[in-house]
Amino acid sequence: MTTDADDRYLTDLAELLRADRMPEPQIEAVVGELIDHLDSVGARAEEEFGPLAEFAASLTAAPGAAAGDDGESPAEDAEEWRWSADYDSDLAVLDRYGRQGWEIRELDRFGRFVARRDRKAAMAWEYRREVVSRRRRDERTALLAPEGWEPCGSWKFVTYYKRPLAASLGPGAAVPDPPAGPRNRTYLSRGSRIGMVVGAISLVLLPFLFYFNGDDPGTWIGGAVGAVVGGVAALLGVRRSLRRDSGERSPAATELTARGSDGE
Amino acid sequence: MLTSLWFYLGMATDRRASWLKGVLDLLVLGCLTGGESYGYEIARRLDGAGLGQIRGGTLYPVLNRLETAGLVAAEYRAAERGPGRRYYRLTPEGEQQLAEHTAAWDEFHATTRAVLAGLPATGTKGTRE
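As you go down the protein sequences, you meet chains E and U in turn. Quick note on my numbering: the first sequence kicks off at 1 and runs consecutively. Quick note on my numbering: the second sequence kicks off at 1001 and runs consecutively.
Don't read these hints as lab results, they were simulated from the structure. Mixed in with the good hints there might be a few duds.
[As the list claims (entries may be wrong)] Just so you have them, the derived chain E footprint on chain U, three or more residues with Cβ under 8 angstroms:
#	region
1	1059-1066
2	1083-1091
[Unchecked claim] Taking CB as the label site, the calculated pair distances span:
#	chain 1	residue 1	chain 2	residue 2	range
3	E	46	U	1036	44 to 52 angstroms
4	E	183	U	1041	35 to 43 angstroms
5	U	1089	E	133	36 to 44 angstroms
Yeah, the Cβ is synthetic: ideal placement off N, Cα and C, and Gly gets one too.
Kindly generate the complete structure, drawing on both the sequences and the hints.
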């Protein structure tokens, strides 16, 4: 037999479930089951089901939420941050924010890093980048696994790996009071920014150039040569950046000296 | 009766993850009964036992909690080749807690099996019949 306190608890629970858009027939069924359960065990609602808000949240949680820290589901207090960077800046940003407890979960379809942090249980991470073809990716992952590296995202021929600093520091890798999350979402080096400005100016000027000098073969030849030279320079720049920091890095290389436009 | 409620809400799909979450610390302690070990080896052993891949983001917080509680002792050793590793071993307190909690788990498991098989349950500490 339920008491007045139980009735209040269940009425308030129904309100919370309703506010969370649980369908009315489902609310009735849930409350009915709970009343039957209380009657059968002879317990009071609050002592049996716990604090009202928490119990309501557990009833409306999406499938998967119960898994908690199974490595797939975000913690209740988790923050998420998506950002992108060029190959000159990515590792510096990963190093800096990995030590503030940001864990990369994946690269999304736009190539952005999807980072997550549980402020109540933040733990420092370290990262590395490998240039490896898709065919050899599993082989490289298996090679790095005994060192504790796990893949956390791939984009074309680049794969990123993460490792908890707790693997070497133990409890010392905890980040008990993490700083506020960053606001910046794009990190570009000086070279990338100059390249983008030059590209944008070219896109604006070229139509005018061809409009007024389109019948001059020299304009077309100059444009083609410029495009080839620009493309090769961009490719060489990307290759240089990838060669410089990919694979095993010295401890000095992982010092927190971010290159590029951090903006923090 | 509550069991049907959980089924009703579609939460049963996460049972296995929830079970693992509840006993992962015990399983990690169990992996150390044969001697010291390190994170990757523990994860590989649990995976090999059929418990699935335990990611570093899940395993190391458990190891940290066990270390902070004094149930395991850890030592970082640099390697001549390759990375250094943090090795964990059971402390006497860890051995004692493992024995106690293993007995409690066995009792809980026996009761659960009896109930699921439709047999009269004999009762388990901390659970409602």
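Quick rundown of the hints versus the structure:
For a cut-off of 8 angstroms, the count of residues in the region 1059-1066 of chain U with a CB near a CB of chain E stands at 4, and the three-residue condition holds. With a threshold of 8 angstroms between beta carbons, the proposed coverage of the region 1083-1091 of chain U by chain E holds, since 4 of its residues qualify and at least three are required. Between residue 46 (chain E) and residue 1036 (chain U), the C-beta spacing of about 46 angstroms keeps the proposed range 44 to 52 angstroms intact. At about 41 angstroms, the CB distance of residue 183 (chain E) to residue 1041 (chain U) agrees with the hint of 35 to 43 angstroms.
About 41 angstroms separates the C-beta atoms of residue 1089 (chain U) and residue 133 (chain E), a value consistent with the hinted range of 36 to 44 angstroms.
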